[in-house]
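Enquirer: So the protein sequences, as listed, match chains A and B. If you're matching positions, the first sequence starts at 1 in the numbering used here and goes up one per residue. If you're matching positions, the second sequence starts at 1 in the numbering used here and goes up one per residue.
What the hints contain is simulated information worked out from the structure, not anything from laboratory work. Treat the hints with care, since some could be wrong.
Okay, the calculated beta carbon distance ranges per label pair [what the hints assert, rightly or not]: (1) B:Gly125 with A:Trp90: 42 to 48 Å; (2) A:Ser193 with B:Lys232: 27 to 33 Å; (3) A:Asn228 with B:Glu198: 23 to 29 Å.
Just so it is clear, CB atoms sit at the ideal spot from N, CA and C, and this is done for glycine as well.
There are 2 protein chains.
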Amino acid sequence: MRVFIVHAHHEPKSFNASLTAQAKAALGAARHEVVVSDLYSMGFNPVSDRRNFTTTKDPGYLHQQTEEIHALENGGFAAEIKVEMDKLSWCDVLVLQFPLWWFGLPAILKGWVDRVFAMRWAYGGGKYYDLGPFRGKRAMCSVTVGNIASAYSESGMNGPISSILFPINHGILYFTGFAVIEPFVVFAPRRISQSERENHLRRYRERILNLASAPLLEYKSIDDYDENWVLKAEARDSRKKGSKSPAEGMI
Amino acid sequence: MRVFIVHAHHEPKSFNASLTAQAKAALGAARHEVVVSDLYSMGFNPVSDRRNFTTTKDPGYLHQQTEEIHALENGGFAAEIKVEMDKLSWCDVLVLQFPLWWFGLPAILKGWVDRVFAMRWAYGGGKYYDLGPFRGKRAMCSVTVGNIASAYSESGMNGPISSILFPINHGILYFTGFAVIEPFVVFAPRRISQSERENHLRRYRERILNLASAPLLEYKSIDDYDENWVLKAEARDSRKKGSKSPAEGMI
Numbered sequence: 001m002r003v004f005i006v007h008a009h010h011e012p013k014s015f016n017a018s019l020t021a022q023a024k025a026a027l028g029a030a031r032h033e034v035v036v037s038d039l040y041s042m043g044f045n046p047v048s049d050r051r052n053f054t055t056t057k058d059p060g061y062l063h064q065q066t067e068e069i070h071a072l073e074n075g076g077f078a079a080e081i082k083v084e085m086d087k088l089s090w091c092d093v094l095v096l097q098f099p100l101w102w103f104g105l106p107a108i109l110k111g112w113v114d115r116v117f118a119m120r121w122a123y124g125g126g127k128y129y130d131l132g133p134f135r136g137k138r139a140m141c142s143v144t145v146g147n148i149a150s151a152y153s154e155s156g157m158n159g160p161i162s163s164i165l166f167p168i169n170h171g172i173l174y175f176t177g178f179a180v181i182e183p184f185v186v187f188a189p190r191r192i193s194q195s196e197r198e199n200h201l202r203r204y205r206e207r208i209l210n211l212a213s214a215p216l217l218e219y220k221s222i223d224d225y226d227e228n229w230v231l232k233a234e235a236r237d238s239r240k241k242g243s244k245s246p247a248e249g250m251i
Numbered sequence: 001m002r003v004f005i006v007h008a009h010h011e012p013k014s015f016n017a018s019l020t021a022q023a024k025a026a027l028g029a030a031r032h033e034v035v036v037s038d039l040y041s042m043g044f045n046p047v048s049d050r051r052n053f054t055t056t057k058d059p060g061y062l063h064q065q066t067e068e069i070h071a072l073e074n075g076g077f078a079a080e081i082k083v084e085m086d087k088l089s090w091c092d093v094l095v096l097q098f099p100l101w102w103f104g105l106p107a108i109l110k111g112w113v114d115r116v117f118a119m120r121w122a123y124g125g126g127k128y129y130d131l132g133p134f135r136g137k138r139a140m141c142s143v144t145v146g147n148i149a150s151a152y153s154e155s156g157m158n159g160p161i162s163s164i165l166f167p168i169n170h171g172i173l174y175f176t177g178f179a180v181i182e183p184f185v186v187f188a189p190r191r192i193s194q195s196e197r198e199n200h201l202r203r204y205r206e207r208i209l210n211l212a213s214a215p216l217l218e219y220k221s222i223d224d225y226d227e228n229w230v231l232k233a234e235a236r237d238s239r240k241k242g243s244k245s246p247a248e249g250m251i
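Bound-form chain A, shown alone (with noise of 0.2 Å):
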């Protein structure tokens, strides 16, 4: 199994960090292979603009996915996105690490996606949700909250974490082809006991040297939908038998 690790947090001794550690370590322990790209230490730079690029399409004006299709024809992706490109050419499952930050991804990582996710290579031409460039590889959020888990329950202040983690399990991962595995929350890591964490972190263990088979997350097929994006007249009465909607097919 190859897997490739993004990993999103300022501070080395965070326990974002120890989730991290113990994800290299088990897998290298059972002979699969890991990448970590490790989003802090690279220094890498979230802001999306002309520099993802080495080819212009149009000098006047900058629309990002008709330069992301021309450097996709001309070889033009710059060389700290191509590298990104290609490890997620090269892996099997997916992890995004992070702390929910304001209830998605730190900047650092969202600009991870903006930048390395193009058209036509992610997503596009007809390539979307179970036919996106992606299918076949499994994607899963390791997630730290602040807050604790009561707080993000269907009947929490903060609304349920399915809904709030819905933009980026259904929205970028799934949008893509990833099969979106179950993620993997830890919730106020700083408000519980020392032995509390080592216990999630052998919870961590075990879902990473389980990731080919962890639970997936239900959403519905392309192929349910119109050429208006709208669920089919068929697919909604099977809906009313008891399958999701996507904003409810969630953990």
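Fit chain B to the supplied structure of chain A, relying on the hints for placement.
Expert: Frame of chain A, contents of chain B only:
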């Protein structure tokens, strides 16, 4: 009315730029005050780390919130952060102007939030949601979306736009105390005619001139939640009578 627009698009001739120009012109003509942070033209760095601060609480371990509280007590925010805080303090209404990238904020804008919305200043110490430090102010997302509206409907493949914007509207804006105005959304601006785009600009002008009275998203009060951030039984009963869960109370 004092309006603060945070603008996040890398192309000065984009439709996003037209929307912000329209807002500035309309507000100026009506003798309102307006300030724009054009993040790309400012070269804003969205990577949150020790550069947020001129002070240091713990040189051996970077815990962001600890450093934020220390900086607040010691005037220790970097100049580029402090100036954005001052604009937030000054304004009556905050407008986030952005293209929806990967179902979220472009990294340059996500990082503006990550860095500027400091603990104890923008939230914390019991001040969350309708008790948040920005209570009394209003905020609105003005968003362009690549795909057509039906893809973001209740039965749309991408999920409802309200679900996609939930982490921003509820998790960033309402979390810090803003009354959250219904988002202004333009779907697929590149696929529509020039006259349709001009209609949207006129529609935006009306919205901008009516920010003080524009309809708000309905969210529950933090008083409805218990010490574990879980909805109290009596508030749960009222919910059965028709009020909405946090993940539902949107456009």
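Enquirer: Quick check on a hinted range of 27 to 33 Å for Ser193 of chain A and Lys232 of chain B, using CB atoms only.
Expert: 29 Å, holds
Enquirer: With 23 to 29 Å as the target window, see if Asn228 of chain A and Glu198 of chain B comply at their CB atoms.
Expert: 24 Å, holds
Enquirer: Looking only at beta-carbon atoms, does the pair Gly125 of chain B, Trp90 of chain A fall within the given range of 42 to 48 Å?
Expert: 46 Å, holds
The structure is consistent with each of the numbered hints, conforming to all of them.
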